[in-house]
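Novice: Residue-level listing of the chains:
Number of protein chains: 2
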Amino acid sequence: MADGLTVPFALAAGLSGAIDQTAIIVTAGLAEIAAGSIAMGLGGYLAAKSDAEHYAREQRREQKEVAEIPEEEMEEVAQVFRGYGLTREQVAPVVHALSERPKAWVDFMMRFELGLEEPDPKRAVTSAGTIAASYVAGGLIPLSPYMVLQNAYRGLIVSAIVTLIALGVFGFIKGKYTGARALRSALQTMLIGGVAAGAAFALAKWIA
Amino acid sequence: MADGLTVPFALAAGLSGAIDQTAIIVTAGLAEIAAGSIAMGLGGYLAAKSDAEHYAREQRREQKEVAEIPEEEMEEVAQVFRGYGLTREQVAPVVHALSERPKAWVDFMMRFELGLEEPDPKRAVTSAGTIAASYVAGGLIPLSPYMVLQNAYRGLIVSAIVTLIALGVFGFIKGKYTGARALRSALQTMLIGGVAAGAAFALAKWIA
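If you read the protein sequences in the order shown, they are chains A and B. With the first letter of the first sequence counted as 1, position 165 gets the number 173 in the numbering used here; the numbers rise by one all the way through. With the first letter of the second sequence counted as 1, position 206 gets the number 214 in the numbering used here; the numbers rise by one all the way through.
Isolated chain A (complex conformation) (with noise of 0.2 angstroms):
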């Protein structure tokens, strides 16, 4: 969501300091806005599709140490302890425990040792769309300006007003939810937005 309001702005404040015409500067960003938001959302289905093959595969390949090697895999289990400073003798009752329960043993070796978490199977799908339909909701605010205005110049100046504020916004919310400041990160996706349209805008002037 932030990168689909903060690139379309950036790119479309570029275009400003470039071009008059307000219907090349819509262009571009419909443009941009497709090719991102299907670069995002299906580069996210894949990732995520992926990450589940990536758990099935070293899932398997627990399971058959499990099965053929177990003293290592007991080995391996007394490791992840040992690096917590416990020894041979107080983690030997889990280990032990452990090895009567060879799927559990498998999601603690997957999890402990490893690292991994279960992905969900239909979080590929979802998660694909969401990105998907979250850019093409950024991306439209920053454009909606030009395509209201025919004046590059108070398109820009109208579309820096309502983007940052969306991103302020955005960035408030995120905060909360993640239990950072809010408003310390607010002002951070402003300051992205801000940088990054300024950069692109001094760019294409100094091309044009």
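Quick caveat, the hints were computed from the structure, so don't treat them as lab data. Here the structure is a predicted model, which means the values were calculated and not measured. All C-beta atoms, glycine included, are put in the ideal place defined by N, C-alpha and C. Incorrect hints may appear among the rest.
30 angstroms max Cα-Cα, derived DSSO-like pairs, lysine-lysine [stated by the list, open to error]:
(1) B:Lys182 - A:Lys130
(2) A:Lys184 - B:Lys184
(3) B:Lys213 - A:Lys213
(4) A:Lys111 - A:Lys130
(5) A:Lys72 - A:Lys111
(6) B:Lys182 - B:Lys57
(7) B:Lys184 - B:Lys111
(8) B:Lys213 - B:Lys182
(9) B:Lys72 - A:Lys57
(10) B:Lys182 - A:Lys72
(11) A:Lys182 - B:Lys72
(12) A:Lys111 - A:Lys57
(13) B:Lys184 - A:Lys130
(14) B:Lys130 - A:Lys184
(15) A:Lys57 - A:Lys72
(16) A:Lys182 - B:Lys57
(17) B:Lys130 - A:Lys182
(18) B:Lys213 - A:Lys184
(19) B:Lys184 - A:Lys57
(20) B:Lys213 - B:Lys130
(21) A:Lys57 - A:Lys182
(22) B:Lys57 - B:Lys111
(23) B:Lys182 - A:Lys57
(24) A:Lys130 - A:Lys184
(25) B:Lys130 - B:Lys111
(26) B:Lys182 - B:Lys130
(27) A:Lys130 - A:Lys182
(28) A:Lys72 - B:Lys184
(29) A:Lys57 - A:Lys130
(30) B:Lys72 - B:Lys57
(31) B:Lys72 - B:Lys130
Examples of chain B residues toward chain A, derived with CB under 10 angstroms [what the hints assert, rightly or not]:
(32) Ile33
(33) Phe89
(34) Asp115
(35) Pro129
(36) Ala132
Take the given structure of chain A and dock chain B to it, following the hints.
Specialist: Only chain B this time, still in chain A's reference frame:
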């Protein structure tokens, strides 16, 4: 890197469907690269920093809890293992041993209760630099044909060939590196780039 290749490629391809002037396509592409590299680089830097702060905040909370309400924290350690079907008796030695080593105990809770890895303090800067630099390097590949050739259509053809090859090579190397099937990974990154560019082209042609 893949986003850096895909989005400027798709944007330029989209604009080729609407505009003949390669100068505008190059300007828009460079503005996109500036915007995208700053948004992703600065965004990556701030995300890494806020991960580090989140870790430090949770660590302080665990340190406080271990010191002030040790019984509840010992119960939480036991809970982690009970999820794997272990009994209170089997887990008791580990719980007891951890309770005598507050530092290791906090580390254990961070990793196994909260699932957090300690972030590398230098990672924020290097990851931001890497993201930004690879976005710029990736973006210049699809744009360079439009800089050399004066015809948008010919630029598009050469850009598509060069970019799809670069996406394929990148996907192949990424697949090799992450242990997935390299050829499939190559086809996937090429597919994302092709679909994104096709959609941007169709949309821009439809508007223009």
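Novice: Lysine 130 of chain A and lysine 184 of chain A: Cα distance at most 30 angstroms?
Specialist: Distance of about 27 angstroms is within 30 angstroms: holds.
Novice: Between the alpha carbons of lysine 182 of chain A and lysine 57 of chain B, is the straight-line distance 30 angstroms or under?
Specialist: 15 angstroms, holds
Novice: Would you mind confirming whether the straight-line C-alpha gap from lysine 130 of chain A to lysine 182 of chain A stays at or under 30 angstroms?
Specialist: The hint holds at about 24 angstroms.
Novice: Take the shortest C-beta to C-beta distance between phenylalanine 89 of chain B and chain A; is it under 10 angstroms?
Specialist: 7 angstroms, holds
Novice: Lysine 111 of chain A and lysine 57 of chain A were given as a pair; does the straight-line alpha-carbon distance stay at or below 30 angstroms?
Specialist: Distance of about 23 angstroms is within 30 angstroms: holds.
Novice: Would the pair lysine 72 of chain B and lysine 57 of chain B pass a check requiring their Cα atoms to be no farther apart than 30 angstroms?
Specialist: 23 angstroms, holds
Novice: Would you mind confirming whether the straight-line C-alpha gap from lysine 111 of chain A to lysine 130 of chain A stays at or under 30 angstroms?
Specialist: 23 angstroms, holds
Novice: Under 10 angstroms is the threshold here; is the Cβ of aspartate 115 of chain B close enough to any Cβ of chain A for the hint to stand?
Specialist: 6 angstroms, holds
Novice: For the pair supplied as a hint, lysine 182 of chain B and lysine 72 of chain A, is the alpha-carbon distance within the 30 angstroms limit?
Specialist: Within the cut-off at roughly 27 angstroms; holds.
Novice: Taken at face value, is the distance from the CA of lysine 184 of chain A to the CA of lysine 130 of chain B at most 30 angstroms?
Specialist: 26 angstroms, holds
Novice: For a C-alpha distance cap of 30 angstroms, please report whether lysine 184 of chain B and lysine 57 of chain A respect it.
Specialist: Given pair lysine 184 of chain B, lysine 57 of chain A holds - Cα atoms ~17 angstroms apart, limit 30 angstroms.
Novice: Hinted pair, alpha-carbon criterion (30 angstroms max): lysine 184 of chain A, lysine 184 of chain B. Please report holds or violated.
Specialist: Violated, because 39 angstroms separates the two Cα atoms, which is more than 30 angstroms.
Of the numbered hints listed earlier, those contradicted by the structure are 2, 7, 8, 9, 18, 20, 35 and 36.
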